[in-house]
Each structure stands twice: as C-alpha cells, then as structure tokens.
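As given, the protein sequences belong to chains A and B, one line each in that order. First residue of the first sequence: 4, per the numbering used here; consecutive thereafter. First residue of the second sequence: 911, per the numbering used here; consecutive thereafter.
It is worth saying that the hints were derived from the structure and are not from the lab. Do not rely on the hints blindly, as some may be mistaken.
As the list claims (entries may be wrong) - What follows is a set of in silico ranges between Cβ atoms, one per label pair, in the way DEER data are often shown:
(1) A/Ala112 x B/Val1174: 30 to 36 Å
(2) B/Pro1091 x A/Tyr110: 25 to 31 Å
(3) B/Val1174 x A/Pro70: 56 to 62 Å
(4) B/Arg1169 x A/Thr29: 32 to 38 Å
(5) B/Arg1169 x A/Leu204: 54 to 60 Å
(6) A/Phe106 x B/Ala1178: 27 to 33 Å
(7) B/Thr1048 x A/Lys264: 57 to 63 Å
As the list claims (entries may be wrong) - Derived DMTMM-like pairs (lysine to aspartate or glutamate); straight-line CA-CA distance at most 25 Å:
(8) B/Lys1054 x B/Asp1125
(9) B/Lys1139 x A/Asp21
(10) B/Lys1054 x A/Asp122
(11) B/Lys1099 x B/Asp1067
(12) B/Lys986 x B/Asp1234
(13) B/Lys965 x A/Asp21
(14) B/Lys1139 x B/Asp1234
(15) B/Lys1096 x B/Asp1108
(16) B/Lys1139 x B/Asp1208
Said to hold, decoys possible - Which residues of chain B face chain A? A few of them, derived with a C-beta cut under 7 Å, are:
(17) Pro971
(18) Met1058
(19) Ser1202
(20) Arg1221
This one's a predicted model, so the numbers in the text were calculated from it and none came from an experiment. For every residue, glycine included, the Cβ atom is placed at its ideal position computed from N, Cα and C.
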Amino acid sequence: MQMMAQVLSHVPAHPFNDVAGWIEQTAVLPLLYRAGLMQWSELSFGWTLVAVYGITQMILAYAVCVPLERFHPLERWTTSKPVLVDVFYTFLARVGVLPIMTFVLFYAAQVQLDGFLADRGYVPPMLETIIPALFGHPVVTFALYALILDFTDYWRHRLSHRFSIWYALHAVHHAQRQMTFWSDDRNHVIDEVLSFLWFMLIGLLIGIPPLQFPLLILMLRFVESLSHANTTLSFGKIGDRLLVSPRFHRTHHGILAAGQKSCNYGAVFPLWDIIFKTADFARPPTPTGDPTAPEAMATGTYLAQQWSGIAHTVRALRG
Amino acid sequence: MTGPASLPRRTLFAAPALLALPTRARAASAAQPPIAIVLNSGGATVSVIDMTTRKILRDEPTFREPSHWALTPDHKKLLIADSSGNALFFLDPATGTELGHKLIPDPYQLWFSPDGTYLTITCLRLNHVDVYHAASLTLAHRFKLGSMPSHLSYTPDSRTVFVSMQDSGTLVAIDLANMTPRWTTKVGKTPAGVMWHDGVVLTAIMGSDHVAVLDPATGRITRTILTDKGAHNIFLTPDRTQLYVTNRVAGSLTVLDARTLGFVKRIAMPGGPDDLCFAPDGKLWIALRFASRVAVHDPVTGATDHISVGRSPHGIFISTLLTDRPALAAMRLA
Chain A
4 MQMMAQVLSH VPAHPFNDVA GWIEQTAVLP LLYRAGLMQW SELSFGWTLV
54 AVYGITQMIL AYAVCVPLER FHPLERWTTS KPVLVDVFYT FLARVGVLPI
104 MTFVLFYAAQ VQLDGFLADR GYVPPMLETI IPALFGHPVV TFALYALILD
154 FTDYWRHRLS HRFSIWYALH AVHHAQRQMT FWSDDRNHVI DEVLSFLWFM
204 LIGLLIGIPP LQFPLLILML RFVESLSHAN TTLSFGKIGD RLLVSPRFHR
254 THHGILAAGQ KSCNYGAVFP LWDIIFKTAD FARPPTPTGD PTAPEAMATG
304 TYLAQQWSGI AHTVRALRG
Chain B
911 MTGPASLPRR TLFAAPALLA LPTRARAASA AQPPIAIVLN SGGATVSVID
961 MTTRKILRDE PTFREPSHWA LTPDHKKLLI ADSSGNALFF LDPATGTELG
1011 HKLIPDPYQL WFSPDGTYLT ITCLRLNHVD VYHAASLTLA HRFKLGSMPS
1061 HLSYTPDSRT VFVSMQDSGT LVAIDLANMT PRWTTKVGKT PAGVMWHDGV
1111 VLTAIMGSDH VAVLDPATGR ITRTILTDKG AHNIFLTPDR TQLYVTNRVA
1161 GSLTVLDART LGFVKRIAMP GGPDDLCFAP DGKLWIALRF ASRVAVHDPV
1211 TGATDHISVG RSPHGIFIST LLTDRPALAA MRLA
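Turn these sequences into a full structure, and let the hints guide you.
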C-alpha cells in the first residue's frame, strides 16, 4: 500500500496540463510575444490544451485501433493508399488549423451574443443556470451536456442525410470504401462549417460545457474514432445499445445505407436511434461507401475530394 | 454591500437571476487555520489550501473560469469573478466556504474603490468596464473605452479608476465623480496590471518587458522601468519597500525598489507567474498559470516549494490578509 502511494506520488497530478504548460511557456508564449499578440495569451493556453488532447486522442486511437484492424479486420485490402488522405483529415481536424479556427470563431460569436445580451440586462444561459440543482455536480453536468450535444448531433446528422444538397457534401464522409478509424474526420470543409454552426447555436442556447474533464472528452472522441474502425468488434447485445460500436456504425456507412435510406445516425450513444426508430442492430456487416458518389470523392486527393463535394452539391442544386 | 441577495438581473431561460444556492452558515472564527484560496481559471474550481500543512482542504466549484478576487470593504466576503461563467461567487474569506453567487456579465478583474462606494469590474471578453454601486451591486455605469479591459486601480481618494486595455494598448482614466473618461494614453503592447503608487500610476506592459510610469493628472508617460519579457502584474510588499513584478513570458519576478523604482533583483519563477500574495512569514504565494501549481517562495533563502492545484491558477488570496494590516494596506484594502 505504502509502495503504491510512493509510486502514485511520482505520477504528475495534471499530465496534460504539464505538457501543455511546457509547450505554452517554451513555444507559444514566446511566439505570441514576438508577434505582438500577447493579448491572446489568456486564450492560448486553451488552444494548446486542445492540441495536446487532440494528439493524445490520436495516439490512444492508434494504439487501440491499429491492433484491432490488423488482427480482427472485417475487410482486407491489398492497398491502404486511400486511407492516407483520411490520416491527413484527422491531423487537420484534431491538431491543425481547424480547431484553432473553430476556437476563434466560436469565441468571436460568443462575445457578440453575450455582449448583445449584457447590454440588454441579460446574462447568457448555461445548463447550471437553467437547472440550478446541477451546480456543484460538475461530472453530472458534463454528462448531461454530452447527452444533449449528442442528441442534437443526431438530428444534425440525420438532417444532413435528409436534404440532398447537404448530403452531397456529407457524401465525402461516406464515399470512403476503405473505412478505418482515421475516417472519423473525413468531412467536406463546408459540412464541417455547418456542423460548427450547429454546435455553436446549441452552445449559445445551453452554454458551453465545462471543459475541465479532458479524459471524458478524450473518451467521447475515442468512441467516435473507434466506431469507424475496420474491425469485427461489437460491444455485445447490451453494449451495442449503450455505446456506438464499430459494428453499429458500419451499418450506417454500408453501401445499402448511403444517402436518405440510412440508419444508425448516433455518434456516441445509440439511444437516439432507438427512440426515434432509426436503429438497425440486425443488418449484417456490408462493404462501406456510397455507390452514387463520384470516384474522385472516394479515392481522390484531399483537394479533389473537396472540389468533388462542391461539384456534387451544384448538381444536387440543379436537381 | 449587502451580499449576494441583492441583484435583480435577468438571465435567459433561467428562472432566478440569483440562484438559490443553499447558503451555508458562516463559520469564520479567529481560530481558523490560515488558508490560501486559489482561483483555477482552467479548472472551474477554487482550491482551498491549509497554509500550514500546504495540503488542499477542498475544491469549491464555480461555473467556468474564476479569475480574480476582491474583498468587500467590511472584509466579510470574498468576491470571486467567474468571467466566462458570467457570475460573481461569494466566499467566506476566513474559511473559503462558498456562500452563494450572483449572475453578472463577464467579470474578469474587480476591485472596490477605497471609500467602498463602487465596485469596478473589467469585462475583458465583452469589452466594457462596469461600475457597480458597491452597496446594492446595481450597475451605475457601463463604459466602452477600448478592447479587452484588463486590470484596474484607483486613486486613494476614489475619484479616479485607471483601467488597462489589453488589446487597444491603452490605459484609460475614468472620473468616477462624473462617470466620464478623463484621458486615454497609448502605453504599449498589451498592458495588464495597474497600480497606483506614490502619486503615479504604474502599468505592466505584457507585450513588452517593462513597467510604464504615468502622470495620473495628464496620462503622460514619464518613465519606463525595464523588468523582463511579459511584465504582467505589480505588487507592493507589506513593508512598502519593494515592488514585485511578475513576468509571464520570461517566467520570472523582478524586484524593484519601491521608492526609486530602481532594479533590485531578478528571481527565476518558471511556469507563468501571475498573481501573488505576501504571507506574514515573508514568503510569497504565487499562482503559476501554466504549471497548475502555486509556488511558495522564500525571498530570504531563495527556496521555492510547489503545491499542485487545479488547471491555470490565476488569482490567489490568503486569509492572513484579514488580520495583517500592513499587507492589507499595501494592497489598499485597509
């Protein structure tokens, strides 16, 4: 017991913070200082933490999903070349420009709205002010935020399949015939912007969730990555109904479920699919991809896929 | 002021403006062990530390981002500004016990005027400076004088409050008698901490490496004092002989002679030093923003111990201030 206490005493209390703090002090702050941008120093630590969490999540996903895909694959391919572009998408989304842009845009929008409300004597809402009993129970509050955000994301996702113009963009995500855990962030940039606006609207209505639980956030993102993995893994009859599994999400990406005929829209919790009767736990695994999507969208370069998404949308607009 | 039950402010989608938290009985007494209250901006908590054992007694929750504190003129309540949580939290300064909270927009830094009439709050995110009537916590005036209002300090007669504008690079003087801005001066990149000191105004220039000295009547810069990269905030020692400047980028403290403003020494303090307090034993309790720790530094021996707290510790209050009149006076709280 005493030995365990000794070992634990050497484990850093805040490993993510310590790494992010070191990066902040040795790289980010000196950079901001030289660039004359020290007014952003308050926020920059948040950006650094997001990047550290993003990298950690990628390492975790890699460590778990690569063995799963290698030793328990659902499909075997002769080449993994089409997967490379998904790796690029992941870096861009988790540690690249996109999270910083999202952070800045959300911050700017929040400032505008909060300022507008403050000038009229209002204080913006948060879950804890809507439901006062939540205050002092941050884990419960976080769980509720996660449920609400996943619920609203279910509807965003479902609507993105419902409207052909929106789906023409979302098809970039579905066009991948070699779906792996890297495919989670494979999205058209306009589709990403629409997701961001959707999240922003919800965030402004119920406040931003407390972000002091990086491990929980990492786990949620990990579930989303894992659900795209090319593996036979299922969480079992009950587990598949509690958390979105690779098997459950593969049904959504199956060639028979592309576009408006889809099912299993949930990102983290299958609950919403069960409630709104869009869950399909019975369908056997099928190959993934969208047979209606242009080939460039499936196997093109990043830019070719992005351009193809726009061309596909224009065609959808013309009917 | 009368405490948290005095603010009729609306909140969208929320029934009460002031949340009906269970108000715990105030348990302060002279026998309370000295505590440090650390505001963890990134952790949305306030760590209460036993100063003797240096152990965390507990973490009190806030909404999102506790930043700075202010002690009420009667010293009975400690106000904690939760900026992105849009709330003021009320703590018992002797025990750290939470007494309730009240919703107000974006409180970042805050300080009561020396005469106790006003509470000025900088709203760094929303770009306004709010002056509240201290007794009722009702808004007296809202100023929009620049981008990212950051820190503030008053003249001893409470007639003027000086506010640094981080993004605009200015220091603004506001006449509280007439509720009008008096002057605005470009002081440098990203000014942060502000302090009235011996008839002049000092402001730390975080985008540079110095403290600017200004004439409070005209706003003219009369002198610059070289410190270190990222000069952030300024603190007067209880014996009023020295000024400590925290330097965020360099990770250091610069000690200045309080009378001449001449350089005394540099102390390495890695981890992003932010706010600090002087304990009666002479030690400095310093919040290290990027290290998730509080440093306890002995300026005599040069030894520094660390206490692990929550993420991004920002403001720090020590309860010994309640009985330490010189320290209170140095902070202009007596």
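Hint compliance check: list the failing hint numbers for this structure, sorted ascending.
Numbers 1, 11, 14 - these are the hints that the structure violates, sorted from lowest upward.
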